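Sequences are here, hints too, so could you generate the full structure?
Chains as they are written, first to last, in this note's numbering: chain L, 1 to 370; chain P, 1 to 420; chain C, 1 to 306.
Possibly wrong hints are sitting among the right ones.
Lysine-lysine pairs mimicking BS3-like chemistry, simulated, CA-CA at most 25 Å apart [unchecked claim]:
#1 P:Lys66 x P:Lys235
#2 P:Lys330 x P:Lys346
#3 L:Lys248 x L:Lys329
#4 L:Lys71 x C:Lys6
#5 P:Lys265 x L:Lys132
#6 L:Lys248 x L:Lys276
#7 L:Lys106 x L:Lys94
#8 L:Lys222 x L:Lys343
#9 C:Lys116 x P:Lys96
#10 L:Lys106 x L:Lys77
#11 L:Lys246 x L:Lys329
#12 L:Lys106 x P:Lys190
#13 C:Lys298 x P:Lys265
#14 P:Lys346 x P:Lys333
#15 L:Lys106 x L:Lys71
#16 C:Lys116 x C:Lys226
#17 P:Lys190 x L:Lys77
#18 C:Lys6 x L:Lys68
#19 L:Lys222 x L:Lys248
#20 L:Lys132 x L:Lys106
#21 P:Lys96 x C:Lys6
#22 L:Lys94 x P:Lys265
#23 P:Lys333 x L:Lys94
#24 L:Lys246 x L:Lys132
#25 L:Lys68 x L:Lys106
#26 L:Lys343 x L:Lys329
#27 L:Lys332 x L:Lys343
#28 C:Lys6 x L:Lys77
#29 L:Lys132 x P:Lys190
#30 L:Lys132 x L:Lys94
#31 L:Lys71 x L:Lys132
#32 C:Lys116 x C:Lys6
It is worth saying that the hints were derived from the structure and are not from the lab.
This structure is a prediction, so every number in the text was calculated from the model and none was measured.
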Amino acid sequence: MSAGIGVDLESLWIRFGDFVAVRDANVHIEGGDFFSFLGPSGCGKTTILRAVSGFLEPSEGNVLIGGKNMKGIGPNKRPTALIFQNLALFPLMKVWENITFSMEIKGASAAERRRRADELLDMIALPDQGDKLPSELSGGQRQRVAIARALCAEPDVLLLDEPLSALDLKLRQHMRTELREIQQRVGITFIYITHDQGEALTMSDSIAVMRAGVIDQIADGKTIYNDPATAFAASFVGENNVFRGKVKRVMGDEALIATNRSGDLVARISTANRGKLAEGDDAMMFIRPEAFAIAPEGATGDHFVTARVTHEEFEGNAFNIFTEGDGGKEIKVSIPNLGQSFKDHTGQNITLEYDARNAVVVPAGELAAE
Amino acid sequence: MNSSFLRISIWVYLAIFFAYLLGPLVIMSLTAFNSSSFPRISPWECLTFQWFTELFHDQRILNGIKNSLIIGAGTVVLSVAMGLAGALMLTQIWPKLRATYYTIIIAPILIPGVVLGISTLVFWDRINRMLGLGADSVLSNGVFLTVIGQSTFIASYCMLVLVARLQRYDTALTEAALDLGATHAQAFRKILLPFMRPAIASAAVLAFLASFENYNTTTFTFGEYPTLTIELAQKVRYGITPAISALAFIIVALTVFFALLNEAKLRRQELVAAARRNAMVQDLGGKIRLPSFFAGNMAAVLLVVFAVATITMVGTAAVYSPDQCIANVKEQKRLEAERRIQELRKQREEQRKQREAQEAEQGGAAQSAPKPSNNSGFGGVFAPGALGGGADAEPEAEEPPKGNGGFGNVFDPNSLSGDQ
Amino acid sequence: MPSFLKEFFNRNGTGMGLTILGLVLFWTIGLIILPQLSMLDFSFRPNLPPPEIGGPKDVYTLENYKYLIYGPEGGSQDYNTVDLRVFFRTLVAAVCVTIFNLILCYPIAYYLGQSKGSHIRIFAIMLIIPYWINEILRAFALRIIFGETGVLNTLFVGLGIWDTPFDFIRNDIALYAGLGYAYILLMIFPIYNVIESLDRNQIEAARDLGAPWWRIHWRVVIPYAKPGISSGCTMVFMLSAGALAAPQILGGPSSLWFTQLIYQQFNDNNDWPQGAAYAVVLLVTCILFVLAMMRLFKVNMGDIGK
Ligand SMILES: Nc1ncnc2c1ncn2[C@@H]1O[C@H](COP(=O)(O)OP(=O)(O)O)[C@@H](O)[C@H]1O
Ligand SMILES: [Mg+2]
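The following block contains the structure:
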């Protein structure tokens with residue numbers, strides 16, 4: 001899949017005065033990939049994108065596009081096209097003029113532009129809407145016009161800054177598939193920014209998880225979900241239950257953690273941290289709600305947790321059980337609804353069981369805010 | 001009762017206020033059509049258009065208009081450009097400099113125009129000398145100095161108008177254009193400028209009007225190129241004639257016309273927008289209504305009335321001749337004057353007799369003379385003081401303002417001009 | 001290059017950036033700052049014929065300022081009473097005009113700001129039209145009305161209310177009316193702008209609490225409208241103190257305006273440095289006065305010019 005033009009960030013630092021917005025980012029983006037930056041709002045995603053598209057000079061380090069250093073090359077000379085967070089459609093131009101603006105700049109004739117606009121309008125499934133003004137379109141239509149406008153410039157790399165955040169849930173899910181399809185059709189590199197892990201997981205070939213200017217982990221979605229490199233990545237991507245403690249013993253790929261509340265528990269050391277955890281280190285262990293099962297009463301051992309149930313809820317596809325957990329947080333347990341009878345445990349102690357391969361331990365670190 | 005009293009007093013207040021505001025303009029406009037050679041509406045002599053003719057033959061006025069237009073064009077270009085640059089800078093400037101910068105560019109609005117005129121004159125005179133240029137160089141040219149001097153503060157007005165719109169501009173639009181391959185100049189021309197166009201138009205109109213009417217600054221800088229305002233000021237200071245009223249009338253009429261035009265256009269846009277909104281709810285057909293441009297559009301109706309009135313007026317002016325009326329008035333005045341003089345002579349005679357009898361050394365007959373009822377007829381021509389002069393001479397009622405040498409200026413209404 | 005400039009050029013491009021920067025520098029430095037400094041410098045120099053400028057006689061002196069206070073050297077009086085009187089009269093009269101305008105315009109601005117409907121727009125046009133018409137013509141119109149044989153005198157004498165025409169011009173009534181007339185719009189608009197944004201509910205609430213209308217204004221509307229009021233007053237004061245056309249046309253023969261003295265120094269006496277000194281005095285006094293007033297009424301500089 002590496003027909004397209006790739007992008008590299010080399011030791012990239014971006015500062016605003018004393019404030020460090022991006023700290024030593026090193027990223028290799030394969031040509032033709034759908035690459036996502038995933039992180040909470042304010043972590044520096046837009047800043048990275050602006051450095052790639054050329055609106056920001058990096059304070060240190062380099063941006064390479066197709067192996068070529070972009071230092072001193074302005075945004076209008078880079079083979080990138082950016083879809084702005086607020087779309088930035090030109091309000092006084094008709095849709096077709098918006099779409100073919102990049103051709104107008106190059107001096108293409110009106111007829112030529114019209115023809116190209118019609119092609120692109122067909123592609124984004126908005127035929128015959130070319131003569132409207134952007135203000136006369138719906139949110140989803142505007143979204144697609146912005147994509148068509150960017151594609152019309154025939155960029156090697158398309159940059160998208162939370163393009164779906166203004167849409168409602170239904171449309172957002174629809175546009176996910178559509179974006180992915182468009183990317184596969186045109187075959188160029190997409191760099192996608194989002195704070196929505198669902199979007200990142202469903203669309204991306206590769207994801208970089210960002211936290212306050214730092215890139216914590218770069219991997220495909222499955223790896224990030226199953227094998228997070230940091231406490232932040234583990235807690236930010238998907239729901240996760242945290243158990244704090246100290247490493248009691250390292251046993252190859254696994255470790256025994258003396259947790260603060262739930263006794264000694266065993267877990268797999270995440271791949272990125274193998275060999276880095278030593279006995280006595282502060283550690284955090286994560287178990288996903290769906291990795292628990294209810295154990296027979298009285299069972300004990302290093303993969304059993306006993307806790308008091310505070311409340312329960314029924315979600316349709318699953319029963320959720322919430323128990324008292326570590327540091328004031330609840331432990332969430334999610335039991336798939338397979339039609340089994342389900343007894344209410346509220347107020348009682350229950351014992352939970354998990355497979356050590358589904359629990360992961362990382363060095364203690366910052367957690368994502370709820 | 002209390003609230004109706006309040007309501008009535010509000011309306012009375014508004015009436016007085018607008019009478020103060022518009023009354024002078026209406027009266028001034030009317031005086032343009034009175035054949036009396038002093039601008040007044042009472043007594044009304046004859047409807048005439050002669051003052052317009054006189055106006056259009058006044059070389060100085062025409063020249064003034066030409067200079068005003070040249071200077072106005074220069075000022076519009078320079079101050080809109082500087083105002084736009086100033087506004088762009090204001091939105092981008094380093095926050096620490098912002099307050100200082102704002103104070104500097106807003107200050108010219110508050111600096112008295114006289115001071116701006118003087119400082120412009122003094123500064124460019126010095127530059128001119130430093131460069132060793134003569135008195136006829138560009139830098140000491142009246143047009144250049146006036147454009148520069150006026151733009152100093154007019155640019156501030158433009159900046160205020162432009163920055164209001166610029167604040168609603170999304171800079172991402174410019175970035176989007178750059179991102180799509182436009183140069184900075186292209187992005188400016190194709191994206192920012194069209195967005196700013198309405199504000200630029202407002203600023204340009206404002207700048208032109210401000211330049212056209214400016215007096216305080218221009219009076220120091222105009223050099224060899226007196227603008228219309230300067231010429232008007234000279235005329236008004238040294239003697240007023242209805243030809244000035246005629247010019248004022250034209251300006252008032254143009255102003256009202258454009259104001260109505262603008263208002264009608266705005267109303268129309270609103271109505272169209274409203275109609276679009278209603279179109280889905282309400283079927284537009286089936287009713288008899290005015291042509292859509294007029295429906296509910298007072299300003300448009302007024303505009304048409306205005307246009308009709310103008311055409312009527314021009315038409316009348318083309319065929320109307322007030323000669324007969326003016327001749328009548330002249331004749332009347334002459335008769336009246338003769339009657340007065342007779343009366344006066346008689347009074348004099350009597351007084352002389354009295355004086356002789358009493359042997360008083362009072363010289364001024366006027367003091368003791370009964371006030372003539374001069375206000376019923378010809379107002380100022382026989383102003384009270386008039387009797388004090390050489391009362392024996394023949395007052396030439398036909399031509400009060402000029403050439404009444406024997407009378408000093410007591411018969412001259414222009415004695416008001418304060419050139420004591 | 002400071003980072004601010006670097007960012008500025010990045011954002012605007014070199015060509016556009018230079019154009020913007022050039023225009024702004026030309027305006028701020030070339031048209032605003034340097035001419036004022038130049039005038040200040042000039043006011044401290046003797047009046048010399050052009051060939052001697054820059055020569056040995058061209059030294060700094062306080063003569064021009066002394067002249068305003070003490071009059072010509074060896075003059076008959078200790079102080080330059082004529083010019084000083086004109087100066088103070090101008091300031092006092094400008095204050096009076098400002099107060100008159102405020103009283104006249106506040107109700108209108110309040111009414112326009114608080115009522116809705118299309119007649120407001122017509123009112124606005126009626127307000128603006130006189131302002132579009134030449135300053136000279138506005139003064140001229142008042143001259144027609146206030147003249148000795150003008151409309152008012154004809155009317156009043158004709159009705160028998162007065163038996164002799166009243167000399168509005170010699171008594172400066174025409175002048176004050178003219179100055180007030182000229183700046184009505186500048187007083188109304190800032191106040192209107194502020195009052196328009198005042199929430200009607202505040203007034204309703206005050207009325208509900210039983211406050212009489214004058215108290216509502218005193219306690220609610222006026223404090224809220226203070227920025228607009230001070231903005232309007234500042235402009236009207238500065239412009240009336242600096243007015244030239246109205247005093248020339250409407251002023252009585254015996255009462256000069258300070259700007260007329262400046263004008264005379266330049267055009268009749270050909271004494272530019274003296275005129276510049278008077279202009280500096282006018283400018284500085286007006287600014288200090290406005291700043292003092294703003295201090296007194298606790299208004300911020302940022303409110304002006306809105
Ligand atoms: N031009 C700027 N000047 C100063 N700080 C900035 C600037 N742009 C962004 N920042 C700061 O950098 C951080 C990252 O911003 P951004 O990249 O927009 O976050 P996000 O991940 O939500 O897109 C934020 O804390 C923001 O306040
Ligand atoms: Mg962002």
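Status of each hint after checking the structure:
1. P:Lys66 x P:Lys235: 17 Å, holds
2. P:Lys330 x P:Lys346: With Cα atoms ~24 Å apart, Lys330 of chain P and Lys346 of chain P stay inside 25 Å; holds.
3. L:Lys248 x L:Lys329: Status holds; Cα separation ~23 Å.
4. L:Lys71 x C:Lys6: Within the cut-off at roughly 15 Å; holds.
5. P:Lys265 x L:Lys132: 23 Å, holds
6. L:Lys248 x L:Lys276: Holds, at about 14 Å.
7. L:Lys106 x L:Lys94: 18 Å, holds
8. L:Lys222 x L:Lys343: Status violated; Cα separation ~33 Å.
9. C:Lys116 x P:Lys96: It is violated: about 41 Å lies between the C-alpha atoms, which goes past 25 Å.
10. L:Lys106 x L:Lys77: Holds. Lys106 of chain L to Lys77 of chain L sits at ~12 Å (cutoff 25 Å).
11. L:Lys246 x L:Lys329: 18 Å, holds
12. L:Lys106 x P:Lys190: This hinted pair holds, its Cα atoms lying about 13 Å apart.
13. C:Lys298 x P:Lys265: Not OK: Lys298 of chain C and Lys265 of chain P at ~43 Å, beyond 25 Å, violated.
14. P:Lys346 x P:Lys333: Between Lys346 of chain P and Lys333 of chain P the Cα gap is close to 19 Å, so the pair holds against 25 Å.
15. L:Lys106 x L:Lys71: The hint holds at about 24 Å.
16. C:Lys116 x C:Lys226: 22 Å, holds
17. P:Lys190 x L:Lys77: It holds: about 18 Å lies between the C-alpha atoms, which stays within 25 Å.
18. C:Lys6 x L:Lys68: 24 Å, holds
19. L:Lys222 x L:Lys248: 29 Å, violated
20. L:Lys132 x L:Lys106: 23 Å, holds
21. P:Lys96 x C:Lys6: Roughly 16 Å between the alpha carbons, so the hint for Lys96 of chain P and Lys6 of chain C holds.
22. L:Lys94 x P:Lys265: 23 Å, holds
23. P:Lys333 x L:Lys94: Violated, because 72 Å separates the two Cα atoms, which is more than 25 Å.
24. L:Lys246 x L:Lys132: Violated, because 63 Å separates the two Cα atoms, which is more than 25 Å.
25. L:Lys68 x L:Lys106: Distance of about 23 Å is within 25 Å: holds.
26. L:Lys343 x L:Lys329: 23 Å, holds
27. L:Lys332 x L:Lys343: Holds, at about 17 Å.
28. C:Lys6 x L:Lys77: 19 Å, holds
29. L:Lys132 x P:Lys190: Judged against 25 Å, a Cα distance of about 19 Å means the pair holds.
30. L:Lys132 x L:Lys94: 5 Å, holds
31. L:Lys71 x L:Lys132: 39 Å, violated
32. C:Lys116 x C:Lys6: 49 Å, violated
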